[in-house]
Amino acid sequence: MNEDLSVMETITWQSFQKGDRKAFEKILNLYYPTLLNYGQRLVRDNDFAQDCLQDFFIELWNCRDKLDIPQSIKAYLISSYRRALLKEKTRNFWHQRVTDLDDHYEVEVQFNIETYLIKNEIEHETLVKLKYHLSTLSKRQREALYLRFNQELEYEEISQIMAINHHSAINLVYEALKLLRKNWVMSLLFSITTIIT
Amino acid sequence: MNKLEKYQIEDFVQDLYFRKWVLKKLSSKDCFWENWLEQHPNKKMLLEEAKSLVIASQIEEKTIPTQQIQQGIQAILNRTESKQQRLFEQTWFKIAASIVLIMAFTFLYQKSFFSVPNGEYLVLSKTTETENNSLQPLSTKLSDGSVVTLKKGSKLQVSTDFGVQTRTVFLTGEAFFEVQKDPQRPFIVYAGGIVTKVLGTSFTIRAYKDETKTLVAVRTGRVTVYQQAGTNDIEHLGQMLLVPNQQVVFEKTEEKLVKTLVEKPILLFPNSENSQFEYDETPISKVLTQIEEAYGVKITFDADLLAHCNLTAVFQNQETLYEKIEVICETIQARYEVVDGQIVIYAKGCK
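Respectively, the protein sequence lines represent chains A and B.
Heads up: the first sequence runs through residues 8 to 204, numbered per our numbering.
Heads up: the second sequence runs through residues 107 to 457, numbered per our numbering.
One thing to keep in mind: the hints can contain errors.
As the list claims (entries may be wrong) - In silico BS3-like pairs for lysine-lysine, Cα to Cα no more than 25 Å straight-line:
#: 1; chain 1: A; residue 1: Lys-96; chain 2: B; residue 2: Lys-370
#: 2; chain 1: A; residue 1: Lys-81; chain 2: B; residue 2: Lys-130
#: 3; chain 1: A; residue 1: Lys-146; chain 2: B; residue 2: Lys-168
Hints listed in this document are in silico derivations from the structure and should not be mistaken for laboratory results.
Can you make the complete structure from the sequences, with help from the hints?
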């Protein structure tokens, strides 16, 4: 089933490269929401993420005939957009201090359990403790979790996007999960049994 | 499947197929996990724990209004529509640019009109003190022919023996100096805790009393900056030589001089052949050396590492030095830092 999907995607991509507007629209409908969602987690300014995304797609259209056929269109778009976004963000920053590109983004991720606790007015102390443990996750861990769980990408693709090696990508996810399990989930297990059933 | 039997909790949680099952995203016909559980009853606890972790560690989806998404997609489609569309945009762009240009000229005309009363420079006698209380910069010509342009709220004092052995002035606030060449009599500026000594150059000093920093930025020529020991004393603690496009920042509290680059380095000879930046498979080391000469800014890099790196690009003149360096770094997967008035490139090398 997955194979068919990727063949379909490749056909769409090739028509897009030949200048087919319908194919371009199809790609936009498929990936614009996903990318916007991701971009708005990387930068705090939603409008900024959106402007960058529009410029990104316009650029994509303008140089469509020079592009390769990526193995996974989704991963390709995410990683190119991430680069464009962070570059634009760094440009806004650059005259203040030149540091590693990676310092200029944050990853906004809220876990289901937080919302659940807030909604059900679980006692204050538990929430504070949980918030603390969540904050011990690094932004790279959060991003890796997000790419794996919400974007459902393979580790190979995650490593490409985050510009790290395959092994580090796996480690980011595993370390984050271990941290979560050790620190809070088990102690809060019973407060969430209601959503499980 | 042997692999699954060895699975730990984390392995299950990160497994996309398992997650789909927990989150009820699999088709109802797919009973793989139910069957597996039946065959491995001893794994029930493990699986339960993994299930709760999947649910708890689910990341909230942001909801973006459909309307906003539709508008966004439509905007992209419109802006990539046809050539006519783009031409239309360009016409508008041209008109807008013309208006901006006219406004800029008007502004410049007014600026020069205000700063040069009666079309003459104000010539100072030797003991004077000049203060600029207006909003426009005020240009002052000293008796040796040097011109000092004072920003608003800045004050220049000229010592009584100006031009005898040295040419000494005192500055509070910010000013741009264009100093006449006179190797016999150095031009010395006391400002914000530091002493700046030049023979004939142009540079800016920023030394407001209420700011914690003093700054000297060099446009042309060479400038020497000292830390000031006594008020009239040129016994220098730290000494630093600055060349064009470098600047020095003096932290008043820490009493330390730090050399950096100016915010927007300019080309030393904008019209020379060396200020064209067009590359076709040019070795990176050659590119960097040319940029280094064009801006007079030292660029440090490992020539051996970059031996196989090439660049094909055309830079426009309005692109700043930093933008050029950024593009190069992007191409060769490197990063850069500004250290001690130099640009240092950290590269991994190319295949």
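How the hints compare with the structure:
Our distance criterion of 25 Å between C-alpha atoms is met by Lys-96 of chain A and Lys-370 of chain B, whose separation comes to about 18 Å. Among the hinted pairs, Lys-81 of chain A with Lys-130 of chain B is consistent with the structure: their alpha-carbon atoms are about 23 Å apart, no more than 25 Å. Among the hinted pairs, Lys-146 of chain A with Lys-168 of chain B is consistent with the structure: their alpha-carbon atoms are about 17 Å apart, no more than 25 Å.
When held up to the earlier numbered hints, the structure conflicts with none and fits them all.
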